[in-house]
Structure formats: C-alpha cells, structure tokens
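Peer 1: Sequence:
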Amino acid sequence: MTAPSRSSSALQARTTVYPITSGQSAPVPTNGDARSQSIVTFLTPAERQRVDALGQGSYTTVHRESLDDMLRDLRTQPVSAILVSVSRYQQHHATQVARMVREFPRVPAVALLTGNEARTTQSLLALGQQGVQTLVDARDPAGWRDLRQFVHREVTTTIEAVAIRRIRADLLGANDDCLRFFDELFLAPRALTTVRQLARRLGVVPTTFMSRFFRAGIPAPKKYLATARLVRAARLLENPGYSLTQVAFLLEYSSPQSFSRHVMHSLQCGAAKFRTTYSGEAMLDHMRQRLILPYQQQLIAFVPVEVTPQWMSRPVLVATPGSELAGSAVADRSR
Numbered sequence: 001m002t003a004p005s006r007s008s009s010a011l012q013a014r015t016t017v018y019p020i021t022s023g024q025s026a027p028v029p030t031n032g033d034a035r036s037q038s039i040v041t042f043l044t045p046a047e048r049q050r051v052d053a054l055g056q057g058s059y060t061t062v063h064r065e066s067l068d069d070m071l072r073d074l075r076t077q078p079v080s081a082i083l084v085s086v087s088r089y090q091q092h093h094a095t096q097v098a099r100m101v102r103e104f105p106r107v108p109a110v111a112l113l114t115g116n117e118a119r120t121t122q123s124l125l126a127l128g129q130q131g132v133q134t135l136v137d138a139r140d141p142a143g144w145r146d147l148r149q150f151v152h153r154e155v156t157t158t159i160e161a162v163a164i165r166r167i168r169a170d171l172l173g174a175n176d177d178c179l180r181f182f183d184e185l186f187l188a189p190r191a192l193t194t195v196r197q198l199a200r201r202l203g204v205v206p207t208t209f210m211s212r213f214f215r216a217g218i219p220a221p222k223k224y225l226a227t228a229r230l231v232r233a234a235r236l237l238e239n240p241g242y243s244l245t246q247v248a249f250l251l252e253y254s255s256p257q258s259f260s261r262h263v264m265h266s267l268q269c270g271a272a273k274f275r276t277t278y279s280g281e282a283m284l285d286h287m288r289q290r291l292i293l294p295y296q297q298q299l300i301a302f303v304p305v306e307v308t309p310q311w312m313s314r315p316v317l318v319a320t321p322g323s324e325l326a327g328s329a330v331a332d333r334s335r
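Residue numbers for the sequence shown follow the working numbering, beginning at 1 and rising by one.
In case anyone wonders, no lab produced these hints; they're calculated from the structure. Any given hint could turn out to be false.
[What the hints assert, rightly or not] Cβ pair distances, simulated, as ranges:
1) T121 with L172: 47 to 53 Å
2) R145 with C269: 19 to 25 Å
3) A191 with P141: 37 to 43 Å
4) G173 with Q149: 17 to 23 Å
5) T194 with Q49: 40 to 46 Å
6) R215 with S58: 16 to 22 Å
7) A272 with D69: 26 to 32 Å
8) T277 with Q133: 26 to 32 Å
9) F249 with N116: 42 to 48 Å
[Said to hold, decoys possible] As a list, the in silico SDA-like pairs of lysine to any residue whose alpha-carbon atoms are at most 20 Å apart:
10) K223 with S85
11) K223 with R190
12) K223 with L267
13) K222 with I292
14) K223 with S260
15) K223 with P206
16) K223 with R180
17) K273 with N239
18) K222 with N239
19) K223 with A188
20) K223 with Q149
21) K273 with A188
22) K223 with V305
23) K222 with L202
24) K223 with C269
25) K223 with Q296
26) K222 with R290
27) K223 with V205
28) K223 with Q268
29) K222 with H262
30) K222 with K273
31) K222 with L187
32) K273 with L244
33) K273 with S260
34) K223 with G173
35) K222 with L293
36) K222 with A188
37) K273 with E184
38) K222 with L192
On a predicted model such as this, the values are computed, not experimentally measured, just so you know. By construction, the Cβ of each residue, glycine as well, lies at the ideal position given by its N, Cα and C atoms.
Given the sequences, and given the hints that come with them, work out the whole structure.
Peer 2: Next up, the structure:
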C-alpha cells in the first residue's frame, strides 16, 4: 500500500510517482466544476467533516454507510476515487473491498489512517491484501495536504486531461479558438451529445459553426464529438465492473443498441470487440491518427469559434453638440 507523499510508520511504504506528459508549453485546463470530481467515502463522522472541509472547491464527497452503497455508486455514476477509513474497516468487509478494486481498477482506492488503535496494523495489512495500494497517513496534519495533492494528481491522469495534453502538443501554435474547441470535447458534460449543444456552449451559431469546418476542408465537428465520446467510453470499459449497457447510459446514449450502432458506424466493429480492442488511450491515438494529425496544418490555422462579425467591431460614432457629425445630422433633419 503506497502513501501519496509520505510513508506510514506501520508500512514504511515508498512514495508513488505520477508521471506527467512532457512537451507541453501551454497550460492544460481542467474542469472547474467540482461536481465532476466525485469522491465516494466509507469514513467515520469525524473523518467526514475533515474530508468535506478539505474538498471545498476541489471535489464533492458522497458519504456512504455501507460498501454495497459504494459499489452501487461506482456502477451508476462517474467516480474519481474511493476513500476507505482504516478505523471503520472490519474483516467482513474484505470481500467487498476486493470486489471494488478488482472491478474498477481505473478508480483509485485510498485508505485513510487518522488514529492508532489496537487493530490498526491488522486493518492496514488486510486492505493491502485486498488491493488497496494507496495510504494517506493523516495522523500528522500534513497528511490532509497529502490527500488534497493526491486528488489533484489523479485529475491529471484522467483520459480527459490526457487527451487535452496530447492534442495541444499535436497543435502547437494553433489559434486559441481551435484549442478551445478540442478542450470542450473532453471538458463538456457527458450529457452534451450533439453539435448544436456544443456550438451553443462555445457561443456560436450552430450553422455557422458547422460551415466553417466544411470551408476549411476539415472533418465535420460531429465526427470529432462522436470520436471523443468513444474515447471516454473506452476508458470506462477498462473497468470490468461496467457493463456495455451501463456505459451506454452513463454517456447518455438513448439505448445500448444506439451505442452499438455508433461503434459499428465509427469503427466497423461490434461493441464487445470494441471493448477488448480499444483502451482509452488506444482510442485517443486512433482519434489523433484519423482526425488530427492528417489535418494538422489546417487545424493550426483554423478559427472555429470567432463569433463577432467585422461590422460589429467597428467603433460607434456618437454625435456631440457642436461637432461636425451633429451638424450634418441637423441638416439631414431639416431636409
């Protein structure tokens, strides 16, 4: 079991190092909506208060009284991490904890240690045996800072953050509006499923937005949006705990059949084959190879979102008493 920034005195574990993709000069935006970072917990009342205070503005916490409720949350909504109290863990929880870790390997499981009890060492060893690899030792006040830093590091490893970094690296020197378009493909809520919704989010008339892609000789925005949704789907399907049906509904497809048709139309394979063939990063590489790198030069010069017509940017002349403009206006009214 690994501590994010320090070692537990009981385990003397090494520090986990989270690699960051190099070659990025521009800052990568993250979703400012804290609701998008949901932490599901199994904690004591005192620990809940500290975790809630720590997460203000960074993430939301969903506190559960049972591990069965945590499993239900994992299956029905996006979860950024799960947090299990060492003090609340009992031996009969072993099967449920092992199941969470096994079925949702892409959701980091964290053990929170806040006190010394007779069974603390035994509980820590049991959690490690069930697959919980990260420990936050909050017996020292600095441990709470470690927890906050851990959550922030996990955000940088989501498929959305990885996609934004890599696409920005592919499009170095691109117009800010172009980068904003690609950022929004991965930062927009999963309920955003149409180009019209995306255009409104970007603040541009949908017909104007779509025509700009056509005139630039770039694939339609519908193609980019559809493929970005498949990148997200592939990452979710890396978790064995998600069924194809659950992923279809999590990503706001109208039905599992609609999701299967989408996969078949985009990749010429069935949904089951898609799951075994594409990880999130493999699907992202597919998107880059098919839709970004072949159009790299066009995209770097592309301005898809500019919405202010030239005539609206001209200064408005205001007639002041005694000015030439005011005199001509009076002459016009006298005619």
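Peer 1: Next, verify each hint and record whether it holds.
Peer 2: Now for the hints, and whether the structure bears them out:
Separation of T121 from L172 is about 51 Å and conforms to the stated range, judged on CB atoms against 47 to 53 Å. Checked against the hint of 19 to 25 Å, the pair R145 and C269 fails, with Cβ atoms roughly 46 Å apart. For A191 and P141, the Cβ-Cβ distance of about 39 Å falls inside the hinted range of 37 to 43 Å, so the restraint holds. Between G173 and Q149 the beta carbons are some 32 Å apart, a value that contradicts the proposed interval 17 to 23 Å.
The hint said 40 to 46 Å for the Cβ distance between T194 and Q49, and at roughly 42 Å that hint holds. In this structure the supplied range 16 to 22 Å is violated for R215 paired with S58, their Cβ-Cβ distance being about 42 Å. A beta carbon spacing of about 30 Å between A272 and D69 agrees with the range 26 to 32 Å that was offered as a hint. Checked against the hint of 26 to 32 Å, the C-beta distance between T277 and Q133 comes to roughly 27 Å, which is consistent with it.
For the pair F249 and N116, the beta carbons lie near 44 Å from each other, so the given range of 42 to 48 Å is met. Under the criterion of a C-alpha separation no larger than 20 Å, the hint pairing K223 with S85 is inconsistent with the structure, at around 44 Å. Only pairs whose Cα atoms come within 20 Å are accepted, and K223 paired with R190 is accepted, the gap being roughly 16 Å. Proposed proximity of K223 and L267 is supported: the alpha carbons are some 12 Å apart, at most 20 Å.
Simply put, K222 and I292 have alpha-carbon atoms about 14 Å apart, close enough for the 20 Å limit, and the pair holds. For the hint linking K223 to S260, the alpha-carbon distance of about 16 Å falls within 20 Å, and the restraint holds. Between K223 and P206, the direct Cα distance comes to roughly 15 Å. Compliance with the 20 Å bound is thereby established for this hinted pair. Of the supplied pair hints, the one linking K223 and R180 holds, its CA atoms being roughly 17 Å apart against a limit of 20 Å.
Our distance criterion of 20 Å between C-alpha atoms is met by K273 and N239, whose separation comes to about 15 Å. Taking the CA atoms of K222 and N239, the gap is near 27 Å; set against the 20 Å cutoff, the hint is violated. Between K223 and A188 the CA atoms are separated by roughly 16 Å; this keeps the pair inside 20 Å, and the hint holds. As the CA atoms of K223 and Q149 are separated by approximately 36 Å, the hinted pair breaks the 20 Å bound.
In summary, the hint linking K273 to A188 is not supported, as the alpha carbons are separated by about 27 Å, beyond the 20 Å threshold. Taking the CA atoms of K223 and V305, the gap is about 17 Å. The hint holds against a cut of 20 Å. Taking the CA atoms of K222 and L202, the gap is about 14 Å. The hint holds against a cut of 20 Å. Between K223 and C269 the alpha-carbon distance is near 17 Å, which keeps this suggested pair within the 20 Å criterion.
Proximity of K223 to Q296 is assessed by CA-CA distance (about 16 Å); at most 20 Å being required, the pair is judged to hold. Between K222 and R290 the alpha-carbon distance is near 14 Å, which keeps this suggested pair within the 20 Å criterion. At most 20 Å may separate the alpha-carbon atoms for a hinted pair to count; K223 and V205 meet this at roughly 18 Å. Our distance criterion of 20 Å between C-alpha atoms is met by K223 and Q268, whose separation comes to about 15 Å.
For the hint pairing K222 with H262, the CA-to-CA distance comes to about 12 Å; that is within 20 Å, so the pair holds. With a C-alpha separation of about 23 Å, the suggested pair K222 and K273 falls outside the 20 Å cut-off, and the hint is violated. About 16 Å separates the Cα atoms of K222 and L187, which keeps this hinted pair within 20 Å; it holds. Restraint check for K273 and L244: satisfied, since their Cα atoms lie roughly 11 Å apart, inside the 20 Å limit.
Among the hinted pairs, K273 with S260 is consistent with the structure: their alpha-carbon atoms are about 10 Å apart, no more than 20 Å. Taking the CA atoms of K223 and G173, the gap is about 23 Å. The hint is violated against a cut of 20 Å. A C-alpha spacing of about 18 Å is found between K222 and L293, which places the hinted pair at or below 20 Å, so the restraint holds. For the hint linking K222 to A188, the alpha-carbon distance of about 14 Å falls within 20 Å, and the restraint holds.
Only pairs whose Cα atoms come within 20 Å are accepted, and K273 paired with E184 is rejected, the gap being roughly 28 Å. Only pairs whose Cα atoms come within 20 Å are accepted, and K222 paired with L192 is accepted, the gap being roughly 12 Å.
Consistency with the previously given hints fails for numbers 2, 4, 6, 10, 18, 20, 21, 30, 34 and 37, ordered from lowest to highest.
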